[in-house]
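Trainee: Here is what each chain is made of, one letter per residue.
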Amino acid sequence: MKDIREDIAWAKINKDVLVSLENPRKMYWVIVFSALALFSVGVGCEVYQYNVGMGVANLNNPNVWGLYIATFIFWIGMSHSGTLLSAILHLMHADWRKPIYRFAEAMTTFSLMTAGLFVMVHIGRLWQFYYAFPYPSERWVWPNFQSPLLWDAMAIFTYLSSSVLFLYVGMIPDLAICRDNLHEGWRKKLYTFLALGWEGTDRQWRNFRITYLTIACFLIPLAVSVHSIVASDFAMSQQPGWHVTSFPPYFVAGALYSGCAAIITLFIILRYVFKFEDYMTKSILKKTVRLTFAIAMVWTYLNAVEFAAVWYGHDVDAKQVLIQKATGPFAPFWWGMIFCGSVLPLILAFKRFQTNIPVLFAVSLLLNLGMWLERWMIVAPTFSHGYYPWVWDNDQWPSLVQWGMVMGSFGWFTLLFMIFCKVFPSVSMYEVKEMVYHRSLHLKKDETAEQGAH
Amino acid sequence: MSKRHLLAMFSNFDEAELVVKELRSTSIKGFNPDDDLVVKSPIEHPEVEEFLGDKPVYVQWFTLFGALMGGLLGFFLISGSQAGFYAQMKGGKPIVPFPPNFVLTYEMFILGGVYISILGFLICAGLPAKRSPLYSTSVSEDKIAILVKSDDGGISALKAIFTKHQALEIQEEAGK
Chain A
1 MKDIREDIAW AKINKDVLVS LENPRKMYWV IVFSALALFS VGVGCEVYQY
51 NVGMGVANLN NPNVWGLYIA TFIFWIGMSH SGTLLSAILH LMHADWRKPI
101 YRFAEAMTTF SLMTAGLFVM VHIGRLWQFY YAFPYPSERW VWPNFQSPLL
151 WDAMAIFTYL SSSVLFLYVG MIPDLAICRD NLHEGWRKKL YTFLALGWEG
201 TDRQWRNFRI TYLTIACFLI PLAVSVHSIV ASDFAMSQQP GWHVTSFPPY
251 FVAGALYSGC AAIITLFIIL RYVFKFEDYM TKSILKKTVR LTFAIAMVWT
301 YLNAVEFAAV WYGHDVDAKQ VLIQKATGPF APFWWGMIFC GSVLPLILAF
351 KRFQTNIPVL FAVSLLLNLG MWLERWMIVA PTFSHGYYPW VWDNDQWPSL
401 VQWGMVMGSF GWFTLLFMIF CKVFPSVSMY EVKEMVYHRS LHLKKDETAE
451 QGAH
Chain B
1001 MSKRHLLAMF SNFDEAELVV KELRSTSIKG FNPDDDLVVK SPIEHPEVEE
1051 FLGDKPVYVQ WFTLFGALMG GLLGFFLISG SQAGFYAQMK GGKPIVPFPP
1101 NFVLTYEMFI LGGVYISILG FLICAGLPAK RSPLYSTSVS EDKIAILVKS
1151 DDGGISALKA IFTKHQALEI QEEAGK
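Going down the list, the sequences are from chains A and B. Counting along the first sequence from 1, when you hit position 7 you're at 7 in this note's numbering, and nothing is skipped either side. Counting along the second sequence from 1, when you hit position 59 you're at 1059 in this note's numbering, and nothing is skipped either side.
For reference, chain A alone in the conformation it holds in the complex:
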C-alpha cells in the first residue's frame, strides 16, 4: 500500500484540488447547514445568557467554570495536532504528512478561535472583558504578571497569530496556482491579492524554505508552552486534584491525542466530501492511526502517573477528589473517559481496523468524546469537592444553556473549517507534487539498481 501513486500527473493534482473548491459532494452542504444550525443554537444561548445573567448557566460558587472552561481546554488541545503534523513531522522529514497537513493547520487556527470564544462567554458580562487586560490604569486595576491566566492569554495570542501566519505563508505557492488557473471573479481577485505576486522563482523558493523551517522550529516549543501554561492554570493553584507536577506533560499529551483523533475524523470527511481518495490514501490514514495509538498510550501512562501521584501522596483532599471522581456523581463520565481514552484506542493496534474507514470514523469521534470528558473531569469534580465540606456541591449540573453553548462551539468550528476548505486548497498542491517527484525519483533509482544487479 503506497502513500501516494508516483504516476499522478502534476496537472491532475492541480485539477483535482481546484475542483474541490467548486464542486464538492452534496454532503458538504449537509455538513455546513448542520453546523450553521448548531452554531445558531450557541448564539441563541449566548444572547439569552447575556440578557438574563450567568444564573441561567447554572454556574454558582464554587462551581464557577463549568463546561465553558472544560470546553475551552478541549479546543486549545485540539489545536496541537496541526503543529504536530505541519511542524514536528516536517522537521522529521516525514513526507506522508504533505497531503494532510494543510487541513490540520487550518484545524489549529479554527480551534484556537473557538477556544477564545469561551474565555469571553464564561465572563458573562462581555462588556467588561477589557478589565481582563492587564494594563496600569488610573483605576488601579493591577496586572498580575505572575498569574498563569495572563500567561495563557499571551501564549494563546502568540500561538494563534503564529499559526495563522504559518498557514498563510505555507499556502502562498498554492494561492498562486489558484490565481493562475481559476476564471475571473471574486476568487481570482482574492487569490491574486493573497499570492503577493508569487512566481516560483529560485529566490522565492530559497527564502520560502528557510522561513518555513524557521517558523516550524518556533511553533514546536510554542505549542508545548501553550498547553503547559493552560495546565499551569490548574497546577499552580492549590485546589485538590490540580496541584500535580505531571499536569503540563499530561495536558500536552492529551492535546496531541485529541488533535490526532480529530485529524482522523476530518481526514475521512474531506476524503469523501472532496473526492480526495488519490491524496488522502488509506496508507496515510494508517500512519495517522498508528501515531494516534502511540499518543493514546502516552496519555494513558501519564494518567496513571497522575493517579499514582495523588494516591500515594499525602494530600488527603486530593485523594478524596480522586475517589469522588471514581465513585461519586461524576463516576459514569470519569469511567467513560477511561474507556474512551485508554481502552477504546486498543482497537487501533489491530491492523485490520487501521484502514477500516467506518470503524475509524466512529472510534475517532469516541476518542474525542473521551478527551472532552477528560477536560470536564479535570474542572468539575475539583470545584464540587474542595477543602471544606461546606463548599461541597456535588449536585451541580450544567444547564441547557451551557450544553447549548458547547454544541454551538462545535457548529462554529465546523462552519469555519468547511468554509475554509471550500475557499482555500485543503490539500497542499505543491507539496504533493514534491512528494510524487521525490518518490518517482527513488523508484527510478531502485529500478536502475535492480537492472544493474541483473
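Just so you know, the hints here were simulated from the structure itself, not pulled from any lab data. One should not assume that every hint holds.
What the hints assert, rightly or not - Cross-link-like lysine-lysine pairs, in silico, DSSO-like; alpha carbons within 30 Å at most: (1) B/K1130 with A/K188; (2) A/K189 with A/K275; (3) B/K1164 with B/K1029; (4) A/K286 with A/K26; (5) A/K287 with A/K2; (6) B/K1130 with A/K12; (7) A/K445 with B/K1021; (8) A/K15 with A/K26; (9) B/K1021 with B/K1003; (10) B/K1055 with A/K445; (11) B/K1130 with B/K1029; (12) B/K1130 with B/K1159; (13) A/K444 with B/K1021; (14) A/K26 with A/K444; (15) A/K287 with A/K26; (16) A/K15 with B/K1130; (17) A/K286 with A/K12; (18) B/K1021 with B/K1164; (19) A/K188 with A/K26; (20) B/K1130 with A/K189; (21) A/K189 with A/K422; (22) A/K445 with B/K1164; (23) B/K1130 with B/K1003; (24) A/K444 with B/K1164; (25) A/K15 with A/K2; (26) A/K422 with B/K1130.
Values in this document were obtained by computation on a predicted structure and should not be read as measured data.
We have chain A; now place chain B onto it with these hints.
Mentor: Showing chain B alone in chain A's frame:
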C-alpha cells in the same frame, strides 16, 4: 543600453539544468548569469540551488533580530510595569520576579521571531511583487521556466541555446 527578457519553458528539471549549466559556462555579451538568470519552478527543488550556485539567504538574521528584540521588549515591558507598581503590597516578595517573568519573555521571544521572520521573508523574496515582464501560468502546473535578461546583442545566442535544448516554448519581450 536596453535589456530584453526571454522566457523558455522546459518539461523537466534535467533539461533545465543542462541549459543553466550551458548559460553559466558560455560567455554571452550583455548577459551575466549571476544577475540575469532566474529559474521558475512549480516545486521547491534543492537541485536548482545546486546548479545555480550558492546564493545567500538572510532570513535567519531577521529571525535572530526579531526573537531577541521580542524577548527584550517583553521582559522590559513587564519589568517596567512591575517596577511602576511599587505601591502595590507585595508581602516581601520581589517587585520584579524573574522566574514568572521568564514565561512571558519566552512567549514574546517567539512572537518577535515569527513576526520578523515573515517580514524578512517578504523583503528577501521580493514580495509583494509585480508580475515579471514574461510569465507563463504553466509554471504553476508542471513546467520549468528559465527567464533571462540580456542586451539586444545577446538575445540570439540565448535563443540558440534554448532551441538547442528543445525548449517547449520561447517568449520574447519587445525591446524598450
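Trainee: Now tell me if each hint is right for this structure.
Mentor: Verification of the hints:
Among the hinted pairs, B/K1130 with A/K188 is consistent with the structure: their alpha-carbon atoms are about 16 Å apart, no more than 30 Å. For the hint pairing A/K189 with A/K275, the CA-to-CA distance comes to about 26 Å; that is within 30 Å, so the pair holds. With a CA separation close to 19 Å, the supplied pair B/K1164 and B/K1029 stays within the 30 Å bound. At most 30 Å may separate the alpha-carbon atoms for a hinted pair to count; A/K286 and A/K26 meet this at roughly 27 Å.
Only pairs whose Cα atoms come within 30 Å are accepted, and A/K287 paired with A/K2 is accepted, the gap being roughly 11 Å. At roughly 28 Å between alpha-carbon atoms, B/K1130 and A/K12 fall within 30 Å of each other, so this suggested pair holds. Taking the CA atoms of A/K445 and B/K1021, the gap is about 23 Å. The hint holds against a cut of 30 Å. Straight-line distance between C-alpha atoms of A/K15 and A/K26 comes to about 20 Å, which keeps the hinted pair within the 30 Å bound.
With a C-alpha separation of about 22 Å, the suggested pair B/K1021 and B/K1003 falls inside the 30 Å cut-off, and the hint holds. With a CA separation close to 29 Å, the supplied pair B/K1055 and A/K445 stays within the 30 Å bound. The straight-line distance between the Cα atoms of B/K1130 and B/K1029 is roughly 28 Å, inside the 30 Å bound, and the hint therefore holds. This hinted pair checks out: B/K1130 and B/K1159 have alpha carbons roughly 25 Å apart, not beyond 30 Å.
Pair hint A/K444 plus B/K1021 holds up; C-alpha atoms about 24 Å apart against a cutoff of 30 Å. Restraint check for A/K26 and A/K444: the C-alpha separation of about 40 Å exceeds 30 Å, so the hint is violated. Straight-line distance between C-alpha atoms of A/K287 and A/K26 comes to about 29 Å, which keeps the hinted pair within the 30 Å bound. This hinted pair checks out: A/K15 and B/K1130 have alpha carbons roughly 26 Å apart, not beyond 30 Å.
About 24 Å separates the Cα atoms of A/K286 and A/K12, which keeps this hinted pair within 30 Å; it holds. Proposed proximity of B/K1021 and B/K1164 is supported: the alpha carbons are some 13 Å apart, at most 30 Å. Restraint check for A/K188 and A/K26: satisfied, since their Cα atoms lie roughly 24 Å apart, inside the 30 Å limit. With a C-alpha separation of about 14 Å, the suggested pairing of B/K1130 with A/K189 holds against the 30 Å cut-off.
Our distance criterion of 30 Å between C-alpha atoms is met by A/K189 and A/K422, whose separation comes to about 16 Å. Pair hint A/K445 plus B/K1164 holds up; C-alpha atoms about 28 Å apart against a cutoff of 30 Å. With a C-alpha separation of about 18 Å, the suggested pair B/K1130 and B/K1003 falls inside the 30 Å cut-off, and the hint holds. Restraint check for A/K444 and B/K1164: satisfied, since their Cα atoms lie roughly 26 Å apart, inside the 30 Å limit.
Of the pairs offered as hints, the one joining A/K15 and A/K2 holds, with about 21 Å between alpha carbons and a cut-off of 30 Å not exceeded. Under the criterion of a C-alpha separation no larger than 30 Å, the hint pairing A/K422 with B/K1130 is consistent with the structure, at around 27 Å.
In this structure, the one hint that does not hold is number 14.
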